[in-house]
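A.B. asks: Below are the chains, spelled out letter by letter.
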Amino acid sequence: GAGVSQSPSNKVTEKGKDVELRCDPISGHTALYWYRQSLGQGLEFLIYFQGNSAPDKSGLPSDRFSAERTGGSVSTLTIQRTQQEDSAVYLCASSLAPPNEKLFFGSGTQLSVL
Amino acid sequence: DQQVKQNSPSLSVQEGRISILNCDYTNSMFDYFLWYKKYPAEGPTFLISISSIKDKNEDGRFTVFLNKSAKHLSLHIVPSQPGDSAVYFCAASNSGTYKYIFGTGTRLKVLA
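Chains A and B supply the protein sequences, listed in that same order.
Going by our numbering, the first sequence wraps up at 114, each residue one higher than the last.
Going by our numbering, the second sequence wraps up at 112, each residue one higher than the last.
Any given hint might turn out to be false.
[Said to hold, decoys possible] Derived coverage of chain B by chain A (criterion: at least 3 residues anywhere in the stretch with Cβ under 8 angstroms from a Cβ of chain A; other residues may be distant): (1) 30-43; (2) 46-54; (3) 57-63; (4) 80-86.
[Said to hold, decoys possible] A few chain B positions that, by computed beta-carbon distances, are all more than 10 angstroms from chain A: (5) 17; (6) 93; (7) 111.
Simulated from the structure, these hints should not be mistaken for laboratory data.
Cβ coordinates follow ideal geometry from the N, Cα and C atoms, glycine included.
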């Protein structure tokens, strides 16, 4: 597609369940980012991929969070044993190889943990 | 440690007037800066960027100014239009890395 696609757009889950969020970047973009925006907060960096490797996982809040990218394209962010504080909008972005390349964002996945 | 700060959470401006959104940063290694606009239920969209070798970049109604000595940048929108009402984020990076640090955003409301 022409833009970054994220699915699902909304996810409601019960505390303790696992969730998977998907991101399809723009074709040809080698860099992929996950950010999180909690209510009333800015964009919090989670993880960065260059190709299929993630040189920086420092933003992942806990070991319940993991992400992978396959074929240099699609990425999934998995949250295990979800907690209420995980409720946020999860945003994926892609870009040409950094540095100094603008990020193109998807519309995000609104995650609500009850 | 909030390396990129947008100290005004909200701003209201009359249609046709100038909107000025401010952003401060603490890391002197940052050398590339971007502004994004975000509407509700949508992802942020790129507006304008500036490299530290410049102090001004202009694109239509949008101008970004960079004051390196003060570690301050601002986005000017002239003239402001109701469709500009959105949340604006500034972001900064060090071109030696890939990581973009975002501010907390400023909600702009342009009054008709």
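A.B. asks: If a hint holds in the structure, say so; if it doesn't, say that too.
C.D. replies: Outcome of the hint check:
With 6 residues having a Cβ less than 8 angstroms from any Cβ of chain A, the region 30-43 of chain B passes the three-residue criterion, so the hint holds. Residues of the region 46-54 of chain B with a Cβ under 8 angstroms from some Cβ of chain A number 3, which satisfies the need for three, so the listed coverage holds. Given as covered by chain A, the region 57-63 of chain B fails the check, having 0 residues with a CB less than 8 angstroms from a CB of that chain where 3 are the minimum. Proximity of the region 80-86 of chain B to chain A, defined as three or more residues with a beta carbon under 8 angstroms from a beta carbon of that chain, is not established by the 0 residues found.
With a minimum CB-CB distance of about 26 angstroms to chain A, residue 17 of chain B clears the 10 angstroms threshold, and the non-interface call stands. The Cβ of residue 93 of chain B does not lie farther than 10 angstroms from every Cβ of chain A; its closest approach is about 7 angstroms, which violates its non-interface assignment. With a least CB separation of 23 angstroms from chain A, residue 111 of chain B remains clear of the 10 angstroms interface cut-off, as annotated.
Hints 3, 4, 6 from the list above are not met by this structure, while the remaining hints are.
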